[in-house]
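Top to bottom, those sequences are chains A and B. Going by numbering that gives the first Met the number 0, the first sequence opens with residue 0, and the numbers climb by one from there. Going by numbering that gives the first Met the number 0, the second sequence opens with residue 0, and the numbers climb by one from there.
There may be inaccurate statements among the hints.
For lysine-lysine, the following DSBU-like pairs were computed, each having C-alpha atoms within a straight-line distance of at most 30 Å [stated by the list, open to error]:
1. A:K392 - B:K181
2. A:K80 - B:K209
3. B:K100 - A:K91
4. A:K397 - B:K181
5. A:K91 - B:K218
6. B:K209 - A:K91
7. A:K392 - B:K100
Quick list of the computed label-pair ranges, beta carbon to beta carbon [to be verified]:
8. A:D393 - B:K209: 30 to 38 Å
9. B:T258 - A:L84: 30 to 38 Å
10. B:P110 - A:T404: 34 to 42 Å
11. A:T61 - B:R198: 52 to 60 Å
12. B:E259 - A:N310: 51 to 59 Å
13. A:V441 - B:T69: 30 to 38 Å
14. A:K77 - B:K192: 48 to 56 Å
15. B:D170 - A:S364: 31 to 39 Å
Derived from the structure by calculation, the hints contain no laboratory data. Bear in mind the structure is a predicted one, so any value in this text is a computation, not a measurement. Note that the Cβ used here is the ideal one computed from N, Cα and C, for glycine as well.
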Amino acid sequence: MLKTFPIGGVHPPENKLTAGSKIQKLDIPATVAIPISQHIGAPATVSVNKGDSVKAGQVIATSKGFVSVNIHSSVSGKVNKVDTLIDTSGYKQTAIFIDTQGDEWLETIDRTDELKTEIKLSSEEIIKKCQESGIVGLGGATFPSHVKLTVPAGKKCDVLIINGVECEPYLTSDHRLMLEHGKEVLVGISILMKALKVNRALIGIENNKSDAIEHLKTLAASFQGIEIWPLKVKYPQGAEKQLIKALTNREVPSGRLPIDVNTVVHNIGTAFAVYEAVQKNKPLFERVVTITGKSLPKPGNYIVRIGTPVNKLIEAAGGLPENTGKIISGGPMMGKALINTDVPVVKGTSGIILVPQDEAGRSESQVCIRCAKCIAVCPMGLEPYLLMSLSQKDLFEKAEKERITDCMECGSCSYTCPAGRPLLDFIRLGKSTVIRMSRERVVK
Amino acid sequence: MSSTVIITVACLSLIAFLAAVILYFVAQKFKVFEDPRIDDVQAILPAANCGGCGFAGCRNLAEALVKAETFEGLTCPVGGASVMDQVAKILGKEPPVVEPKVAVLRCNGSPEFRARTSIYEGVPDCRIAHNLFQGETDCSYGCFGLGDCVRACAFEAIYISTETGLPVISDEKCVSCGACVKACPRKLIELRKKAKKDRKIYVACSNCDKGGPARRACKVACIACLKCQKVCEFDAIKIENNLAYIDATKCTFCRKCVTECPTGSILEINFPPRKPKVEVQAETVNA
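This is chain A alone, in the form it adopts within the complex (with noise of 0.2 Å):
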């Protein structure tokens, strides 16, 4: 019996139709655009100016406090603007404009294939280094890596949980990664238990990536401590807490943080950044990135320097078809359309879907005919429907009674709705103002 999370989930059509695609490099781009706020926290602040010459792997904008890192540039070229463009967030903001020029990173950064085992850096060196290299959650959330890292005073990990589910439908990256840089993924791993002092290190992979699975556990012999759990097929499996509870069978209370049940869940990809970050002294300016859909000529998975256009993308994988409908960046449940496709790749950017025409419209919303299927789907063991109908009427405290905070935007609750009513939609504009309101009250 495969583990798994206990309530709700749902299974969408697994489409992972770039799978056996190996990682491609992606040209480097004519002009790149760097946002600085990349990471969820503050922005980064800039410290290039109009014309300056840099090279990859260069600090462009430096991180400001604690929740904040560092932002490098990913190409050597000559900054041509400091402006504002739409990111995927949907609104205008600050981007680094570069110019390419040649491809010569800075001469700390080791560039060949060899792969180092042995670690030199102390904890505290590898925590720093990883907020120095721009290391976040590469899963989608963006959270500052050495934040997680760093245990506060009076708590305790004892166990590292590696998150390699990648449950989203489409998505590869993850998978991709494991299968080819597996020892490279194996030692980031063992980077991140030294920084965490714990040795204990769990990976759970859903049950569809058996390659993956019996690649990693051939090389995890030969490290210690670390161990590889295959888990049920069903989405959310790779949302933090319900990882969690499957792996360790802890649950993580409303409200707090995996910390508290003394675990730290990081990504696969992080996994392998920490790795380039601390063994190569590489900083984060490029990541995997597959780029899929179904009427797409050549889906493939992608080595993207950041702040390359989405259409680069595109164009390499062929063109854009002509019945696209919608451009996701993302996993199809959780990601976000993009207005255009000069939208620059980021740090939080796993995936590009293509979705046709036809699929990516949203069915008629109807009445809800209280059949409860949002209830039985919710991981987290809401009431969507409720939720929902609180936030539509401006019932903000009530819904904040509801725990309306501990939506996870997984977007069960909407795929699974007959009625095809936007649950989500509502749900999480009643966190956001929810949240809103309780930072409020903690500054009054």
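Position chain B against the provided structure of chain A, taking the given hints into account.
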């Protein structure tokens, strides 16, 4: 048989009498005195319960009015001066000076002026769209046209025009309760002082971007060029955050700023058509 009926009637009468006596004393003990004027005032108020006065309903305003020493800060925006005069008469106080107000939309970005750059197919709700993205055009300040204000209005004073896609506010129906002001997530609706013949001059734009991006996003955007501020003789125009604002209490409706504005973002409404300028012909000057 007859004795049973008599005993029953007697017992019940006794119980009823005792209960009446108890009820009488309890009622005396727990008597709540309520100013009868509250009912009188409430009867005059419009009973719309719109919340425009800041209270939950008309009854609450009536209580506050009766309790209050002066009417400062207490008015019924719906009823206006006539209702407040009647209330003042009942309570024997000075009637307050009620300034009638009217809601205006500070955005004029119809598709004609503001080109579409994307299509929104999500929930037709302004707040959700505002949480999600900057809008279907390049302006991240303008109106979505999804009608949160229309749904908020209890007086059917707002509708979305099919031509411009923007809300239209009826001057006659608007009671300036402020429900739409609260409903708009982009804070585009403003309550302005009502002028004679419903005349209005205001900057129909809320774009705080610099001139260049604002103009590229919308042809009728305020580009903060300062021309209106310079031409205004009454110090009524202020420019803050790259956006001009006309103070309705200082404006004298001279309309100079309207002609000066290079983008046409200042609107003049309900004015008679301007007289065509008498162009002094070169020939006559020469002669």
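Verification of the supplied hints:
Of the pairs offered as hints, the one joining K392 (chain A) and K181 (chain B) holds, with about 14 Å between alpha carbons and a cut-off of 30 Å not exceeded. Restraint check for K80 (chain A) and K209 (chain B): the C-alpha separation of about 16 Å stays at or below 30 Å, so the hint holds. Of the supplied pair hints, the one linking K100 (chain B) and K91 (chain A) is violated, its CA atoms being roughly 35 Å apart against a limit of 30 Å. Under the criterion of a C-alpha separation no larger than 30 Å, the hint pairing K397 (chain A) with K181 (chain B) is consistent with the structure, at around 20 Å.
About 19 Å separates the Cα atoms of K91 (chain A) and K218 (chain B), which keeps this hinted pair within 30 Å; it holds. For the hint linking K209 (chain B) to K91 (chain A), the alpha-carbon distance of about 13 Å falls within 30 Å, and the restraint holds. Only pairs whose Cα atoms come within 30 Å are accepted, and K392 (chain A) paired with K100 (chain B) is accepted, the gap being roughly 27 Å. D393 (chain A) and K209 (chain B) have their C-beta atoms about 35 Å apart, which keeps the hinted 30 to 38 Å range intact.
A hinted range of 30 to 38 Å for the beta carbons of T258 (chain B) and L84 (chain A) is consistent with their spacing of about 36 Å. Hint check: P110 (chain B) to T404 (chain A), Cβ distance near 38 Å, so the stated range 34 to 42 Å holds. Restraint check, T61 (chain A) to R198 (chain B): a C-beta distance of roughly 54 Å satisfies the suggested window 52 to 60 Å. At about 42 Å, the CB distance of E259 (chain B) to N310 (chain A) disagrees with the hint of 51 to 59 Å.
For the pair V441 (chain A) and T69 (chain B), the supplied restraint of 30 to 38 Å holds, since their beta-carbon distance comes to about 37 Å. Against the hinted window of 48 to 56 Å, the Cβ-Cβ separation of K77 (chain A) and K192 (chain B) comes to about 54 Å, which satisfies the hint. Between D170 (chain B) and S364 (chain A) the CB atoms are about 34 Å apart, so this pair conforms to the stated range of 31 to 39 Å.
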